[in-house]
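With the numbering used here, the residue at position 875 of the sequence shown is 884, and numbering never jumps.
Just so you know, not all the hints are guaranteed correct.
[As the list claims (entries may be wrong)] 35 Å max Cα-Cα, derived DSBU-like pairs, lysine-lysine: (1) Lys207 x Lys125; (2) Lys125 x Lys372; (3) Lys379 x Lys276; (4) Lys750 x Lys727; (5) Lys709 x Lys125; (6) Lys534 x Lys379; (7) Lys485 x Lys577; (8) Lys750 x Lys495; (9) Lys534 x Lys485; (10) Lys400 x Lys498; (11) Lys124 x Lys428; (12) Lys883 x Lys372; (13) Lys598 x Lys124; (14) Lys184 x Lys320; (15) Lys428 x Lys495; (16) Lys372 x Lys400; (17) Lys577 x Lys709; (18) Lys379 x Lys320; (19) Lys883 x Lys400; (20) Lys400 x Lys485; (21) Lys320 x Lys400; (22) Lys379 x Lys495; (23) Lys271 x Lys320; (24) Lys372 x Lys124; (25) Lys495 x Lys372; (26) Lys148 x Lys70; (27) Lys577 x Lys474; (28) Lys148 x Lys192; (29) Lys319 x Lys192; (30) Lys495 x Lys474; (31) Lys474 x Lys598; (32) Lys498 x Lys428; (33) Lys192 x Lys241; (34) Lys320 x Lys276; (35) Lys428 x Lys474; (36) Lys498 x Lys474; (37) Lys498 x Lys276; (38) Lys319 x Lys271; (39) Lys70 x Lys485; (40) Lys70 x Lys534.
Since the hints were made in silico from the structure, they are not lab data.
Bear in mind that the values here come from a model prediction, so they are computed numbers and not experimental data.
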Amino acid sequence: MTKPLYLHRSRFVDYTPSSITALAFSHPSTISTRNSFTETLRLAIGRSNGDIEIWHPRADKVWYHETTLKGGADRSIEGLAWTQDPREFGGRLRLFSIGTTSHITEWDLLEGKPKKHMDCNGATIWSISAQPRNLDNVKEGEEDEAWQNLVVGVDDGSVIVVGTIGGPGHLSYVKTLTKVSAKSGGRVLSLAWQGRYKVVAGLADSSMRVWDLRSGQIVQRMSLGREITRGKNVLIWAVKVLANGDIVCGTSSGEVLFWNGKNYTLKQRLRGHESDVLCLETNAAGDMVFSAGIDMKTVVYHIVGGDSRKKWVELGHRRYHQHDVRAMAAFEGGDISVLVSGGMDMQPVTIPIRNFLTENHRKLAAIPQKPVAMTVPEERLLMTWYEHEVKIWEMDHILDVFERDEMGLGLENEENGRKLVSRIVINNEENITSATISPLLGAVGHLVAIATTGEIKLFFVRRSKKASVQALRVNKIPIPTDLILKNVKNSSEDSDSESDVDEDEEPIDISITGARSVQFSPDGKWLLVISPGSRILLVRVNVEIDEDLRPSVNFEPTVVELERVPRKEIIRPEVKKRSLETGNHGQYKRTIVSTAFSSGSRILAVTDIEGWVDSYLYLDDEEDQTADGQWVVNPAAEAMPRLQSTAAVIEFRPATAQTTKLLSNSSKSQNTPLVPDDDRLAIALASPQSLLEFHILTSKLTPWSRRNPSEHFPNSYKRLQEVPSGIVWDLPLNKASGPSKERLWVWSTNWLFMFDLSRDLPLPPPLPTSASEELTVGKRKRGGENASGKPTGGFLVGRTTGTNPDIPPPGSKPGKPQPGTFIRPPSPPTEDAMDIDPATPAVTLSATTPHPAKQTVSKQSTEGEGLPFWHTHKYRPLMGFFRIGNRWNEDGAKKNEIELLEKEEDEEDWERCREMVVLERPMWDIDLGPRFYGKRDWRT
Numbered sequence: 010m011t012k013p014l015y016l017h018r019s020r021f022v023d024y025t026p027s028s029i030t031a032l033a034f035s036h037p038s039t040i041s042t043r044n045s046f047t048e049t050l051r052l053a054i055g056r057s058n059g060d061i062e063i064w065h066p067r068a069d070k071v072w073y074h075e076t077t078l079k080g081g082a083d084r085s086i087e088g089l090a091w092t093q094d095p096r097e098f099g100g101r102l103r104l105f106s107i108g109t110t111s112h113i114t115e116w117d118l119l120e121g122k123p124k125k126h127m128d129c130n131g132a133t134i135w136s137i138s139a140q141p142r143n144l145d146n147v148k149e150g151e152e153d154e155a156w157q158n159l160v161v162g163v164d165d166g167s168v169i170v171v172g173t174i175g176g177p178g179h180l181s182y183v184k185t186l187t188k189v190s191a192k193s194g195g196r197v198l199s200l201a202w203q204g205r206y207k208v209v210a211g212l213a214d215s216s217m218r219v220w221d222l223r224s225g226q227i228v229q230r231m232s233l234g235r236e237i238t239r240g241k242n243v244l245i246w247a248v249k250v251l252a253n254g255d256i257v258c259g260t261s262s263g264e265v266l267f268w269n270g271k272n273y274t275l276k277q278r279l280r281g282h283e284s285d286v287l288c289l290e291t292n293a294a295g296d297m298v299f300s301a302g303i304d305m306k307t308v309v310y311h312i313v314g315g316d317s318r319k320k321w322v323e324l325g326h327r328r329y330h331q332h333d334v335r336a337m338a339a340f341e342g343g344d345i346s347v348l349v350s351g352g353m354d355m356q357p358v359t360i361p362i363r364n365f366l367t368e369n370h371r372k373l374a375a376i377p378q379k380p381v382a383m384t385v386p387e388e389r390l391l392m393t394w395y396e397h398e399v400k401i402w403e404m405d406h407i408l409d410v411f412e413r414d415e416m417g418l419g420l421e422n423e424e425n426g427r428k429l430v431s432r433i434v435i436n437n438e439e440n441i442t443s444a445t446i447s448p449l450l451g452a453v454g455h456l457v458a459i460a461t462t463g464e465i466k467l468f469f470v471r472r473s474k475k476a477s478v479q480a481l482r483v484n485k486i487p488i489p490t491d492l493i494l495k496n497v498k499n500s501s502e503d504s505d506s507e508s509d510v511d512e513d514e515e516p517i518d519i520s521i522t523g524a525r526s527v528q529f530s531p532d533g534k535w536l537l538v539i540s541p542g543s544r545i546l547l548v549r550v551n552v553e554i555d556e557d558l559r560p561s562v563n564f565e566p567t568v569v570e571l572e573r574v575p576r577k578e579i580i581r582p583e584v585k586k587r588s589l590e591t592g593n594h595g596q597y598k599r600t601i602v603s604t605a606f607s608s609g610s611r612i613l614a615v616t617d618i619e620g621w622v623d624s625y626l627y628l629d630d631e632e633d634q635t636a637d638g639q640w641v642v643n644p645a646a647e648a649m650p651r652l653q654s655t656a657a658v659i660e661f662r663p664a665t666a667q668t669t670k671l672l673s674n675s676s677k678s679q680n681t682p683l684v685p686d687d688d689r690l691a692i693a694l695a696s697p698q699s700l701l702e703f704h705i706l707t708s709k710l711t712p713w714s715r716r717n718p719s720e721h722f723p724n725s726y727k728r729l730q731e732v733p734s735g736i737v738w739d740l741p742l743n744k745a746s747g748p749s750k751e752r753l754w755v756w757s758t759n760w761l762f763m764f765d766l767s768r769d770l771p772l773p774p775p776l777p778t779s780a781s782e783e784l785t786v787g788k789r790k791r792g793g794e795n796a797s798g799k800p801t802g803g804f805l806v807g808r809t810t811g812t813n814p815d816i817p818p819p820g821s822k823p824g825k826p827q828p829g830t831f832i833r834p835p836s837p838p839t840e841d842a843m844d845i846d847p848a849t850p851a852v853t854l855s856a857t858t859p860h861p862a863k864q865t866v867s868k869q870s871t872e873g874e875g876l877p878f879w880h881t882h883k884y885r886p887l888m889g890f891f892r893i894g895n896r897w898n899e900d901g902a903k904k905n906e907i908e909l910l911e912k913e914e915d916e917e918d919w920e921r922c923r924e925m926v927v928l929e930r931p932m933w934d935i936d937l938g939p940r941f942y943g944k945r946d947w948r949t
């Protein structure tokens, strides 16, 4: 019998990303480095709410959002700069930012929060720039020349030089360059370096200044002239210095001006914009310049002609943004040649530099790759968090929604099917980093934990005694300040130790430690806290409810800290030398990015940026229920191999009803709980797109993963460039309940994939080399693929330069959604078919219904079994794909999960997943605010 899966397609969550205000790559683009790519390359994206996102542009064109440095109330990132310490001091890469204040902030990437603040004499800072690196050998006695200085421009006309000597956390005042009179409107709006000892600044008085760093004096003043200013002050918003020393500036009059870098005379002026030019960028060779601003256009200029008659011309322009463009950053290295721009429309856009007019751009998601939402399926609750606010929504049962629709009720009410039942606003300055919710047995309420980088807060949320009141009541729970921290160390290497656990104790106030991530265990007894520095802390929480439904929350006096497994890397001398040259991020690569509990709450797994997986076991005495258990490092954790890339998301396979009983290892030294299904961990890699499943207790691949290596995954999955954001298991509650169903759903911001793990993946068909090898039935495909696996379609040929090769060229029609159900095309099928549901309140996905016509098949198609996977791109941008609702049986009856936890009943006919909530946040539904320039709404 076909069992439908109902989807609540929801767009009511009012999550609004912040606008992009600053961009900066960690490495500069120069002629000497444009042919090499470094793995330490990072992109920092500053936003108007004070957050800084750290992205990893990988060589395989996948852009992974590794972490976010959280800002706070009334903070904004207005400028970013990277420096690299000298080779002799480790070559550490350091990130600095400015806002609408008088401070420079250095950020600690590992801790995720500021490391150092420096006040610049109380004046508001408008611009920042880092001195180019000294690549020459430093003479004895001139060691300070190996360090990079920072210069900042302030609103009183000053340019202040700040030293970075001493390494991370060290900032010092060096000097103030000759001040420009503030009466003439001398705000320093933009800065750039001409070599290592000259600073070029764009001001608000229709002029530019050039300072000599060594003397501190102004060596040249370049005025725009009356022909350009026409009696008004023209603002110079952006300044860049080309590879040959020439200077380019963008003005508030919409012009881009080119200046001779030797005699500082105006060479050429081009009016490519109809309003302010807010940002400029150039390629490594210095023969291409990009400009953007308020009129939303991105214009590229190219130099043409011989040595004696060179001139700049406008090569072309395009509109990639829907609002003001505030920032640009460029990098060229190896196969990557990319320009990144961003602004008020919140989405970073990657644009090819080398093939600006012939290669496609790509928009990165404004929605976080890490979900900012979760559900409580048992209570049909959906919780979201953003900045300083947490909201909890209650979702109606899908059958109730159908009933109201059939009766014609609520069709005009946009709030039909859900209601906002709680809203929690915290009064912290810092933005929320993470939140989690856990139901209590007996449906008496929920525990909610909210974390920032400086504090953790706990709340008890319950329903009102009055049936007419739908809102949840919220009570804050104080966290004790006198807890004891017990450090659980891995001592497997100590042969003299009789115990497998060493313990150190010290006092800790868990409420002010802050956290980058918090998570309750499935049984609600443990609160996992990942500190800003990626320490693993576990807090035991016991909740008692009195007759009046008032909670009494007790904390175990001991907070358990689990030690990370030490990882020894064998670094070749040439690799170490290269890391000193190209820079490194220190221990930042050990930052924890994903966590997961097993369904029995006895296994914990964490993963870091570098690709290591650490796991821990909870051991107790089953015969003595009064004895306390203890967390230990998994003995097999050291045998876990390092993953090929970062694990974007991990999730344990839920245990079925027949496998919830714990077994014990026969070893006397390790009373390890062995749960046949409970230790199976699914891992979705960030890049390349692949799925792995491990037995954590043995650190070995499961039989399914061994039979299905990455080569077996469909091409449509391996080509995806968006990193996975979540995993949902769809398994029966009881293995004996009819046909085995083992579905694994993987979702990202732009796609949704399903794999049937009860079957093996077929080898993908060979990629067609010509159009004649492929036959289209019903609807024509948008393009084939070349031998390298890249789509052609007459537009993209050969390798790309770091943007998106899969987007169709301008003017082509995107693929029209195809109606249908779960796909079972003839064999051998193509894996590009996808299911698109009609615009209804819910969609039924069947595992047995054949797909209608309109599908792409090969010439040798014959009848056979369908594919063990399915995918769609309809739901985007996707904020979440979560299980919601009660457990169902085949007759459509619904059953509360809390009842199943309290009573042992027959679960043969009950399913775990029948309703899912698809949480979307379309960008067209977000108010971008009024445009400063709106005379023309044109398209290219």
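Here's how the hints hold up against the structure:
As the CA atoms of Lys207 and Lys125 are separated by approximately 27 Å, the hinted pair is consistent with the 35 Å bound. Between Lys125 and Lys372 the alpha-carbon distance is near 33 Å, which keeps this suggested pair within the 35 Å criterion. Distance restraint check for Lys379 and Lys276: the Cα-Cα separation of roughly 48 Å exceeds the 35 Å cut-off, and the hinted pair is therefore not satisfied. A hinted pair counts as satisfied when its Cα atoms are at most 35 Å apart, and Lys750 with Lys727 qualifies at roughly 24 Å.
With a C-alpha separation of about 44 Å, the suggested pairing of Lys709 with Lys125 is violated against the 35 Å cut-off. Between Lys534 and Lys379 the alpha-carbon distance is near 24 Å, which keeps this suggested pair within the 35 Å criterion. Among the hinted pairs, Lys485 with Lys577 is inconsistent with the structure: their alpha-carbon atoms are about 44 Å apart, more than 35 Å. Taking the CA atoms of Lys750 and Lys495, the gap is about 42 Å. The hint is violated against a cut of 35 Å.
Pair hint Lys534 plus Lys485 holds up; C-alpha atoms about 18 Å apart against a cutoff of 35 Å. About 38 Å separates the Cα atoms of Lys400 and Lys498, which puts this hinted pair outside 35 Å; it is violated. Distance hint between Lys124 and Lys428 is unfulfilled; the C-alpha atoms sit about 42 Å from each other, more than 35 Å. A hinted pair counts as satisfied when its Cα atoms are at most 35 Å apart, and Lys883 with Lys372 qualifies at roughly 17 Å.
With a C-alpha separation of about 18 Å, the suggested pair Lys598 and Lys124 falls inside the 35 Å cut-off, and the hint holds. Proposed proximity of Lys184 and Lys320 is contradicted: the alpha carbons are some 38 Å apart, above 35 Å. For the suggested pair Lys428 and Lys495, the alpha carbons sit about 43 Å apart, so the restraint of at most 35 Å is broken. With a C-alpha separation of about 28 Å, the suggested pairing of Lys372 with Lys400 holds against the 35 Å cut-off.
Our distance criterion of 35 Å between C-alpha atoms is met by Lys577 and Lys709, whose separation comes to about 20 Å. Proposed proximity of Lys379 and Lys320 is contradicted: the alpha carbons are some 47 Å apart, above 35 Å. For the hint pairing Lys883 with Lys400, the CA-to-CA distance comes to about 26 Å; that is within 35 Å, so the pair holds. Note on Lys400 and Lys485: the hinted pairing holds, with a Cα-Cα distance of about 15 Å set against a maximum of 35 Å.
With a C-alpha separation of about 57 Å, the suggested pair Lys320 and Lys400 falls outside the 35 Å cut-off, and the hint is violated. Restraint check for Lys379 and Lys495: satisfied, since their Cα atoms lie roughly 30 Å apart, inside the 35 Å limit. Proximity of Lys271 to Lys320 is assessed by CA-CA distance (about 17 Å); at most 35 Å being required, the pair is judged to hold. Of the pairs offered as hints, the one joining Lys372 and Lys124 holds, with about 32 Å between alpha carbons and a cut-off of 35 Å not exceeded.
At roughly 46 Å between alpha-carbon atoms, Lys495 and Lys372 are farther apart than 35 Å, so this suggested pair is violated. For the hint pairing Lys148 with Lys70, the CA-to-CA distance comes to about 41 Å; that exceeds 35 Å, so the pair is violated. The straight-line distance between the Cα atoms of Lys577 and Lys474 is roughly 57 Å, outside the 35 Å bound, and the hint therefore fails. Pair hint Lys148 plus Lys192 does not hold up; C-alpha atoms about 43 Å apart against a cutoff of 35 Å.
A hinted pair counts as satisfied when its Cα atoms are at most 35 Å apart, and Lys319 with Lys192 does not qualify at roughly 39 Å. With a C-alpha separation of about 40 Å, the suggested pair Lys495 and Lys474 falls outside the 35 Å cut-off, and the hint is violated. With a C-alpha separation of about 49 Å, the suggested pair Lys474 and Lys598 falls outside the 35 Å cut-off, and the hint is violated. A distance of roughly 47 Å separates the Cα atoms of Lys498 and Lys428; the hinted pair therefore is violated under the 35 Å criterion.
With a C-alpha separation of about 15 Å, the suggested pair Lys192 and Lys241 falls inside the 35 Å cut-off, and the hint holds. For a cut-off of 35 Å, the pair hint linking Lys320 to Lys276 stands: about 9 Å separates their Cα positions. For the given pair, Lys428 sits about 18 Å from Lys474 by alpha-carbon distance, which is consistent with the 35 Å threshold. With a CA separation close to 47 Å, the supplied pair Lys498 and Lys474 exceeds the 35 Å bound.
Among the hinted pairs, Lys498 with Lys276 is inconsistent with the structure: their alpha-carbon atoms are about 67 Å apart, more than 35 Å. With a C-alpha separation of about 16 Å, the suggested pair Lys319 and Lys271 falls inside the 35 Å cut-off, and the hint holds. A distance of roughly 45 Å separates the Cα atoms of Lys70 and Lys485; the hinted pair therefore is violated under the 35 Å criterion. For a cut-off of 35 Å, the pair hint linking Lys70 to Lys534 is broken: about 42 Å separates their Cα positions.
Hint compliance for this structure: hints 3, 5, 7, 8, 10, 11, 14, 15, 18, 21, 25, 26, 27, 28, 29, 30, 31, 32, 36, 37, 39 and 40 are not met, and every other hint is.
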